[in-house]
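Student: As given, the protein sequences belong to chains X and W, one line each in that order.
Each step along the first sequence adds one to the number in numbering that gives the first Met the number 0, with nothing skipped, and position 180 is 179.
Each step along the second sequence adds one to the number in numbering that gives the first Met the number 0, with nothing skipped, and position 256 is 255.
None of these hints come from the bench; they were simulated from the model.
By construction, the Cβ of each residue, glycine as well, lies at the ideal position given by its N, Cα and C atoms.
There's no promise every hint is true.
What the hints assert, rightly or not - For the chain W half of the interface with chain X, some residues (derived, Cβ under 8 Å), not all of them:
#1 31
#2 32
#3 33
#4 34
#5 35
#6 36
#7 38
#8 40
#9 289
#10 291
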Amino acid sequence: MAAPDFIPPAVRARLKDLRLGARRAAGSQGFGLHHSRSRGAGLEFAQYRAYEPGDELRQIDWKLYARSDKFFVREAERDSPLTAWLLIDATASMAQGDTARPGMSRLDAAKTLSACVIELALRQGDRFGIAAVAGDGLHLVPAGIGPRHRDRCLLELYKLRAQGAWPMQIALRPIWERIGAGALVLALSDFFDEGCVALVESLAAARREVSSIQLLTVEERDFPFRGGHRFFDSETGDELLSDGAAARDDFLQRFAAARAVLASRLASAGIRHVEHVLDQPLDAPLRRLFPARSGRIAPESA
Amino acid sequence: MSLGLLLPAGLAALAALLLPLLIHLSRQSEQRRTEFAALRWLSASLRPRQKLKFEELFLLLLRLLLLAALALLLARPVLLGAAGDARWVLVTPGVDVTAARTAIKQADAEWHWLAPGFPGVETPVPTAVQPIGSLLRELDATLPAKTPVTVFVPDVIDRADGERPRLARSLDWRVMAASASTAKAASPSPAPVLVIRNADSREPYLPYLRAAAAAWRVMDAPSTQSPANTAPPSPEKTVDVAPTAQPIAANTRWLAWLAPGPLPSSIREWIERGGIALLDAEVELPEAAQAVALWRNTDGDELVRGVAIGRGRALLLTRPLTPGALPELLDGDFPRQLRRLFKDESTPPQRALASAIKPIPGGPSFPETPRPLQSWFLVAVALLFALERWFASAARRRQTP
Numbered sequence: 000m001a002a003p004d005f006i007p008p009a010v011r012a013r014l015k016d017l018r019l020g021a022r023r024a025a026g027s028q029g030f031g032l033h034h035s036r037s038r039g040a041g042l043e044f045a046q047y048r049a050y051e052p053g054d055e056l057r058q059i060d061w062k063l064y065a066r067s068d069k070f071f072v073r074e075a076e077r078d079s080p081l082t083a084w085l086l087i088d089a090t091a092s093m094a095q096g097d098t099a100r101p102g103m104s105r106l107d108a109a110k111t112l113s114a115c116v117i118e119l120a121l122r123q124g125d126r127f128g129i130a131a132v133a134g135d136g137l138h139l140v141p142a143g144i145g146p147r148h149r150d151r152c153l154l155e156l157y158k159l160r161a162q163g164a165w166p167m168q169i170a171l172r173p174i175w176e177r178i179g180a181g182a183l184v185l186a187l188s189d190f191f192d193e194g195c196v197a198l199v200e201s202l203a204a205a206r207r208e209v210s211s212i213q214l215l216t217v218e219e220r221d222f223p224f225r226g227g228h229r230f231f232d233s234e235t236g237d238e239l240l241s242d243g244a245a246a247r248d249d250f251l252q253r254f255a256a257a258r259a260v261l262a263s264r265l266a267s268a269g270i271r272h273v274e275h276v277l278d279q280p281l282d283a284p285l286r287r288l289f290p291a292r293s294g295r296i297a298p299e300s301a
Numbered sequence: 000m001s002l003g004l005l006l007p008a009g010l011a012a013l014a015a016l017l018l019p020l021l022i023h024l025s026r027q028s029e030q031r032r033t034e035f036a037a038l039r040w041l042s043a044s045l046r047p048r049q050k051l052k053f054e055e056l057f058l059l060l061l062r063l064l065l066l067a068a069l070a071l072l073l074a075r076p077v078l079l080g081a082a083g084d085a086r087w088v089l090v091t092p093g094v095d096v097t098a099a100r101t102a103i104k105q106a107d108a109e110w111h112w113l114a115p116g117f118p119g120v121e122t123p124v125p126t127a128v129q130p131i132g133s134l135l136r137e138l139d140a141t142l143p144a145k146t147p148v149t150v151f152v153p154d155v156i157d158r159a160d161g162e163r164p165r166l167a168r169s170l171d172w173r174v175m176a177a178s179a180s181t182a183k184a185a186s187p188s189p190a191p192v193l194v195i196r197n198a199d200s201r202e203p204y205l206p207y208l209r210a211a212a213a214a215w216r217v218m219d220a221p222s223t224q225s226p227a228n229t230a231p232p233s234p235e236k237t238v239d240v241a242p243t244a245q246p247i248a249a250n251t252r253w254l255a256w257l258a259p260g261p262l263p264s265s266i267r268e269w270i271e272r273g274g275i276a277l278l279d280a281e282v283e284l285p286e287a288a289q290a291v292a293l294w295r296n297t298d299g300d301e302l303v304r305g306v307a308i309g310r311g312r313a314l315l316l317t318r319p320l321t322p323g324a325l326p327e328l329l330d331g332d333f334p335r336q337l338r339r340l341f342k343d344e345s346t347p348p349q350r351a352l353a354s355a356i357k358p359i360p361g362g363p364s365f366p367e368t369p370r371p372l373q374s375w376f377l378v379a380v381a382l383l384f385a386l387e388r389w390f391a392s393a394a395r396r397r398q399t400p
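Build the full structure now, drawing on both the sequences and the hints.
Tutor: Listed below in structure tokens is the structure:
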């Protein structure tokens, strides 16, 4: 592979029993592994319908004809491929990591998770694409299939740098043109931007199968600061003087409340939402979003 | 035992203790810039608390100790009353050490020679000479007051001074029989060059003085040399003969002035500065009346009289130095007699029975000589520095794994 391997070997080994899946039936054309609304040749029974001239004779259910003396055609669900879209937040806040682990920022985790999903989709023969939202606009890799498309996506991931604030809505219009209805959308963000939350909500409302992973740093979870700090937000440029130990309890309480509000908002929009802290194993959020050994996903309580 | 400081002003260096305190002061007022995207939920109202806190307490302690030790080192620490109660045993050179060891049963006693510097008895017998009383007084002044002292002396002491030593402590004074080799008296110092200034009429005197001076040189020669090998000493080396007009050298000690008439003022000044002069019988000297007989012949007649002039002495001949007037000139004993006259008879006798000069207590006591501790403090400083470096680098290793 020309691009660097984002996925650590241990995580890659644990990807084996994972399987991407959508709750709703997919509507895309072609043959795949996912159940769809289109009827055709398949294993899963869908319905009987009356014979119409032009139907193939071998599709007539002859046992039913023997009982009812009418021609019925047995239809099955056709297994369809899925289109997986990775919606990556690449605003400046995603560049934040932990001082304890300098090499691992939110964006690094997002890239690794994206690479994992791309691997899964490639294995299942699904189409996949990338939509990365940075301060300078949208970086889009149209959905495609196959190992060469995988490499194209990884190259795009490799070039991706966190910068700027969430762009205006008009800059995100190509998302609506590209991500079709029924596509699986995995949003990787810290969801600190209201624009990002609004985007995934509207995507979910427009019949896209949206899952979201909120990426949190260890410092946001534990708030281990001691002494005076000049906290700054690289995205907005705001600064705040605060004492670590004194502000801890208040921050943890308010931040947990904000996360609960976000989770309930996303759940009410029908979005599967999980949180991922940077010191956890990278396959854990995928495992919670896409439980193993189940093609038909049960709705997950966020 | 107590710690004293010879230079308490050095403690001003303790002000340097502020440095590590400042270094280790937790830099709370300086706000570290921290990237934090979840700023929205952080309360802004809380101001950083200003509280004195220190980081790396153990390292701080080490550094404070190091600086304190350095400051103490500058203040020149000494230990007062440090010397233990171990008995000091002093052996006079000439006393058998093994015999002395059987007499002292204490195992922790410290053995030293009673000699300048008090070297240990393991070292060879010291040869430097110093009066025994002086050594005892030095010992009494330097040793702590409560240290017991035993002194081994031979039964006859060669270098005694005029008084029984009066010491602050009472000594354990042990007299042992001296070994024979060291019992002999100290050899006399060689005679200086005899300077002779003579008038022409006194030429006949000269051979006798030359002969006497040459005989002194033979007397002073080491006895181990065989007489056959000894070259006869040249007259130029033993005497300095010249007319009276020639001035005498500044370092002259013994002079024979053989000329009639009054003594020149230069010669008289020289005598007053401490010279010893043998004066001709016809020299006119105002002090001649106070002179006392120094050498009499067997009949009791005065041959040479002596008188002190200033710090020097004048030896007044009563007769011409001719065999006719002074038959003792031809005696074999004449050089020795002449030597005795020149030699300073005022030096007191130095040999004494050891039991007679046993020191008596009641002497002045001296403030104790403190023991310097700087070397120990140097070692402590070096150790602390090494420890400090070790922990400082360990702390850095912890920070950058």
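Student: Evaluate each hint against the coordinates.
Tutor: Each hint, compared with the structure:
1. 31: holds (5 Å)
2. 32: It holds, given that the least Cβ distance between residue 32 (chain W) and chain X is near 5 Å, below 8 Å.
3. 33: holds (5 Å)
4. 34: OK, holds: residue 34 (chain W) within 8 Å of chain X, min 5 Å.
5. 35: holds (4 Å)
6. 36: holds (4 Å)
7. 38: Status holds, d = 4 Å.
8. 40: Since the shortest Cβ distance to chain X is 4 Å, the answer is holds.
9. 289: For residue 289 (chain W), the interface hint is violated, since the closest Cβ of chain X sits about 100 Å away, which is over 8 Å.
10. 291: violated (101 Å)
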